[in-house]
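Go ahead and model the full structure; you've got the sequences and the hints to work with.
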Amino acid sequence: MRTILLFLFICIVAAGGGFFAYRHFAHAGNVVGKPLPAGIQMNDLDGKPHALEEYRGKLLLLNFWATWCGPCLHEIPELVKLQTEFGPRGLQIVGPAVDDPDAVRGMLGTLGINYPVLITAEPETMIKTMEQLDNPVGGLPFSLLVGADGIIIRRQIGEFSAGELREMISSHLPT
Amino acid sequence: MTRSTPTMRAMVVALGALLSSVSAAAGTDALWSHKQPTAADLLPPAQAFALVAAEQHQDYIDVSWSIAPGYYLYRKRLAFAAEPAGSAALGTAQLPVGAKLQDEQGDNEVYRDLLTARLPLHGGRAPTRLRVRFQGCADIGVCYPPQTQVIDVVASTP
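From first to last, the protein sequence lines are chains G and S. FYI, the working numbering numbers position 95 of the first sequence as 95, with every residue one higher than the one before it. FYI, the working numbering numbers position 16 of the second sequence as 16, with every residue one higher than the one before it.
Calculated from the structure, these hints are not laboratory results. By construction, the Cβ of each residue, glycine as well, lies at the ideal position given by its N, Cα and C atoms. One should not assume that every hint holds.
Stated by the list, open to error - One side only, chain G facing chain S, incomplete, derived with CB under 8 Å: (1) Cys69; (2) Leu73; (3) His74; (4) Val98; (5) Val137; (6) Gly138; (7) Gly139.
Stated by the list, open to error - Quick list of simulated restraints, FRET-style, between CB atoms: (8) G:Thr125 with S:Ala155: 36 to 44 Å; (9) S:Thr128 with G:Arg166: 49 to 57 Å; (10) S:Gln105 with G:Pro49: 28 to 36 Å; (11) S:Ala93 with G:Arg166: 39 to 47 Å.
Below you can see the structure in the form of structure tokens.
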């Protein structure tokens with residue numbers, strides 16, 4: 001009888017552990033804890049190329065977005081506030097746009113974006129970059145938080161809540 | 001009947017625990033699959049917005065999608081063209097009335113579950129293939145890049 005009870009207890013504990021481990025790792029993605037891949041390059045709206053290595057030494061929030069993505073447009077005002085508040089303390093938000101460059105230019109003024117927006121000649125190139133960064137379905141908004149040491153801290157498909165974003169950034173600012 | 005040894009009992013316990021953990025994870029996911037998708041189990045766009053068929057009738061083509069639960073397509077982001085370009089003259093797509101959705105892009109009409117777009121044929125010529133463009137999102141607040149797919153036009157079955 002004791003053996004059966006022990007068996008049941010272990011099964012329940014293992015089931016719970018398996019479930020939580022599954023959900024946790026399913027969300028985490030496989031880039032977290034690894035360095036941001038080298039050699040990723042995009043252009044600014046003037047056509048000047050930028051490598052993501054340029055931002056090493058700062059807490060980098062890469063926020064992939066598009067003008068056709070409602071949740072992205074909803075999230076951007078909070079990012080603008082955070083860049084203003086935490087920029088002097090080492091935060092650098094960068095917004096790679098999965099979009100047509102003219103569509104992006106047309107919306108920049110409305111959005112009041114105060115951080116670099118990067119594009120590629122073809123949106124498909126940006127989609128491939130997102131795949132490389134563990135976003136196989138190409139969903140937007142897509143964010144990666146990268147530490148000052150270049151290690152990816154967090155991967156997120158979908159919006160952050162304002163509180164979560166603020167807490168995450170303030171707890172990882174470079175010292 | 002031989003009594004089980006402690007080693008055997010331990011193996012049975014370990015096996016049971018392993019099976020329980022696997023079935024808990026898989027079973028819970030199966031249960032959740034009938035609810036809203038989460039960011040972790042977002043469908044690839046081809047499954048979220050499955051372009052099912054382009055069926056040719058006498059003077060129109062019906063293009064249909066099967067849209068997964070929890071996902072929707074924007075009316076204003078549907079586009080159709082004959083493939084190769086200019087191989088047939090297509091009229092303006094006739095679309096059903098969609099559900100209203102207000103978001104950061106203003107007032108929109110969106111489609112869920114099943115969608116059929118009717119393309120009138122002008123000049124009596126039908127294309128052999130269609131280039132179809134569409135874009136949609138998941139209810140959890142994730143949007144997919146515009147998709148372009150080329151689909152064969154097949155004769156309708158009576």
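Quick rundown of the hints versus the structure:
1. Interface hint at G:Cys69: satisfied, since its Cβ lies 4 Å from the closest Cβ of chain S, which is below the 8 Å cut-off.
2. A cut of 8 Å between beta carbons decides the hint on G:Leu73: the least distance to chain S is about 4 Å, and the hint holds.
3. The restraint placing G:His74 at the interface with chain S holds, with a minimum CB-CB distance near 5 Å, inside the 8 Å limit.
4. Hint on G:Val98 holds. Least Cβ distance to chain S is approximately 6 Å, under the 8 Å limit.
5. A least Cβ separation of about 5 Å between G:Val137 and chain S falls short of the 8 Å threshold, and the interface hint therefore holds.
6. The interface hint given for G:Gly138 is met, as the beta carbon of that residue sits about 5 Å from the closest beta carbon of chain S, less than 8 Å.
7. Nearest Cβ of chain S to the Cβ of G:Gly139: about 4 Å, under the 8 Å cut. The hint holds.
8. At about 38 Å, the CB distance of G:Thr125 to S:Ala155 agrees with the hint of 36 to 44 Å.
9. The beta-carbon spacing between S:Thr128 and G:Arg166, approximately 55 Å, falls within the hinted interval of 49 to 57 Å.
10. Taking 28 to 36 Å as the suggested C-beta distance range, the pair S:Gln105 and G:Pro49 conforms, at roughly 30 Å.
11. As the Cβ distance of S:Ala93 to G:Arg166 is approximately 44 Å, the hint placing it in 39 to 47 Å holds.
In the structure shown, no violation is registered for any of the earlier numbered hints.
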